[in-house]
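K.L.:
Line by line, the protein sequences give chains A and B.
Each number in the working numbering corresponds to the 1-based position in the first sequence with 264 added.
Each number in the working numbering corresponds to the 1-based position in the second sequence with 106 added.
Keep in mind the hints are simulated off the structure, nothing from the lab.
Check the hints yourself; a few may be wrong.
Stated by the list, open to error - Covered, in the sense of this in silico footprint (three residues per stretch, anywhere, with C-beta under 8 Å from a C-beta of chain A), are these stretches of chain B:
#1 286-294
#2 488-500
#3 506-517
What the hints assert, rightly or not - From chain B, some residues computed to sit far from chain A (all C-beta separations above 10 Å):
#4 190
#5 217
#6 265
#7 276
#8 302
#9 422
#10 474
The C-beta atom is built at its ideal place from N, Cα and C for all residues, glycine as well.
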Amino acid sequence: MKTQNIFFLFATILALFACESEFESSIEDNEVYRTGDTDFSNYVSLGNSLTAGFADNALYVEAQNNSYPNILAQQFSLVGGGEFTQPLMNDNVGGLLVNGNPLPNFGPRLVLSTQSGSPFPAPFNETPTTDISNTVQGPINNLGVPGAKSFHLGLNGYGNISNVGISANPYYVRFASSPDASVIEDAVAQQPSFFSLWIGNNDVLGFATSGGTGQDQSGNPDPTTYGPNDITDPTLFAGVMSNYVGALTTSATGGVLYNIPDVTNIPFFTTVPFNPLNPADPTFAAQIPTLNNLFGALNQVFVAVGQPNRVIQFSDMEANPVVIFDESLDDLSATIAGALAPDPQFIALVQSFGLPPEAAPTVAGLLGVTYGQARQATSDDLIPLTSSSAIGQLDTNRVGFLISQGLSEAVAAQFSVRGITLPMEDTFVLTTNEQMLINNARLSYNSTIEGLAASNGLAFVDVDSLLAEAQNGIPFDAGVLTSDFITGGAFSLDAIHLTPRGYALVANETIKSINETYGSNLPMVNLGDYRTIATSDNSL
Amino acid sequence: MIKRILTFALFCFAVTQVFAQGYRVSLQGNQALGMGHTGVAVVNNAETAFFNPAGLVYLEDRLNVSAGGYGIFSSTKWQNTETGQFSEVEDNVSTPFYLYATYRINDWLTAGIATYTPFGSTVEWERDWAGSHLVNDIELAAIFVQPTISVKLSKHFSIGGGPIFATGNVSFNRNINRTLADENGVRSNVSIEDSGVTNWGWTAGFMFTPTEKLRIGFNYRSLIDLNAEGGEAVFANIPDSQLVPVSNGITTFDATLPLPAEYTIGLSYQFNDKLLFAFDFNRAMWEEYDALVIEFGNPEIPDSVNPRNYENSSNYRFGVEYKAMEKLTLRGGYYYSETPVQSGLFAPETPRNDAQGYTAGLTFNVNSKLSIDASFLYLRFKEIDESYDFYVEDGTQVPFSGTYKTTTFIPGIGISYKL
């Protein structure tokens, strides 16, 4: 059957040609993009939660897949980038176990839930299954460790399970190459050809989110003496950063450094306004005359001692600032107590509470302690998101205390409303003074980072400017990405970490900088392909 | 050797998409395909029942049967150099076929029956690829059954035609949008499926034979709307959230897919005993397909309206046939096929631009009654930068663009029998 042979020969030839379509320049075959003057074959990323892909107050698989290093690695693969291994969690729930038991403060991720009646972040109602005693085999390319401060990356034993709760980090326990290893050692051991390093956020962020309850350790280069909410000494920061960059550049032909954004660009600090007390709220409006009467006596004292900025007054027309405790104010408690106790008007007020006139000095003393360092917030103060559940709420401990001092329950309750009659505690407000401490350290870190990038010929990403831009909005193909909490799209439900779309924004800015620095022409990703927040009513 | 080729063929067996235009699959006879799929003015064998029923009455033998099929080897790739994304249509198999039989009742009347698959499309992209909000996969198949009569009005003129019974199946899956996923991170998607959708249409034509050497033919095939009513729509991997307007589960859907009308006019010229030339001009009335509208049974789920705005499109087909030996006839052809898809409406469910088809074929006469027909089609699509601009997200049109490249090769084989 000669013709049949011809038939099959013909078929084979045509099939060979036709089987695969080929582009003139194929992305898949690495024909479109240039590497430039660097080598992406072995990329290692170092950093904290932002590098790990942390989002919605947890680390979970989907978020890790959208970490900016993973997005970068995917683009690097178009110019010869190799496998990029991440220490993936065991589930899409988040949260950690240790030897089968839940690790406190490492619970499931937040989801946007309607369980409470209106959309609000709530913990996902599933059980974490990631046990830190199950270690992940390396080498691990993404060495982002949630919670790490600058000096932690060089800390040996930071991944030692027996030090969890003391000096070790449970996330690093999962993938440290040995209990004694440090993050920087694990990075250098892989001889990266390219690296990214974004560290220093937590060196100020713990202080900021705690409302400035920690210490500013500027001038103290010994991190073993630091508390978790302290600000890291800028000199210490400069030293460790310089060491890390030096160690990484022994093998790497290129790398990228990121600076530290201003807290005023993070919705955790910008969502709750300084003046959340709305006179349109009838319950609050009804209290305004009483409140002004109450604070009237106090205000006379403030005016008398020449501190009129401490006057506390509520408007029935405009939004009212919360009353806050500010440790930087002169302590006027004794002055207040002394001035009020003999004041006949005040004695009358005390009597109106149902107390005998002899109680006036005690009440004056209580008011002195309460308002001795109080003022109304100004637009320069930042009110952390954590305060949203506290403002306007009754402090029951305070009520009990006042009753024990002889006040009736009704009067005790009247003096125990947080942010109105009871100044918001230090943890619920980041005052201008506290912001200044943060910024002094942060700007010093940033000049260290930018200097190291310049002196080592590394790419540099100005995340500070990028997030400032996001405040105004960054357009993408289906709208505008902003920093607004829940609705803006850039920040996840914890209001500090980014969404996949937010991380994609960071990845694009990185690509831009890498292309400029190394002469590559890597493509940016499409922000619209990455999700914002996740919704689920399967929540607690 | 043959086994090896078959193994290889299975490896790269790709797709049945749409060969020529939209989801019209022009593979209705191996003899005709060898000649560039011409045939409206050719009287060769039972394939004429499809190409122009009017010609059947000129067939020399009392009984003619032709049957055959095709294997489709195709590859479509997509890439976007703006973002570095790329994907390709994954392997898939489908086999267009045909079966024609004619019987001469008397000198002026021939009856026949034709069964063929003129519409179909199987496109399966990589799951969750960059265009998955438009399509993950689609499968469409229609079978036409056409009883036919052909009447000779004079030596020079005949007419023919018949009703068409069409039955079709459709299945389609896409992701809900570009980002929605369930609690495990699996992308939310919707599938629709309906089978056994039927409707009627008709075909008619004439053939004019002014001289022994020249024939002129015309054939028309009517529009058939495939109305899927009460098909099954399945929403899957939707997060459990009141903030999402749909939820997991099954509902019904209604949709209409037009199988458009087409007409063909052409001529053939017999130069001598051995050499025949044919030309067909074919026009398909794709304007009918203005949008794919899917109405869901659950009234809370909004209709899915996907503009298509297809244009009528033309095909120019040329073919020659050469009787090389008593036992062997060779054929060759070329056609140019316009796409009905307009720029900016290039949806990846039918990634089709203009194409050039190169065809070859042969018939081997086993004996005086039985012959084997084989054909090859190599379809060449230019690399094209296109977009689909009518996907809407949050009230904004979000184009899906990129570069597409398709290559297709289709071998076919069949038999013809006459008595």
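K.L.:
For every hint, state whether the structure bears it out.
P.N.:
Hint by hint, here is what the structure shows:
| no. | hint | result |
| --- | --- | --- |
| 1 | 286-294 | holds (count 5) |
| 2 | 488-500 | holds (count 3) |
| 3 | 506-517 | holds (count 7) |
| 4 | 190 | 4 Å, violated |
| 5 | 217 | 33 Å, holds |
| 6 | 265 | 38 Å, holds |
| 7 | 276 | 26 Å, holds |
| 8 | 302 | 34 Å, holds |
| 9 | 422 | 22 Å, holds |
| 10 | 474 | 17 Å, holds |
Checked against the numbered hints above, the structure breaks only hint 4 and satisfies the rest.
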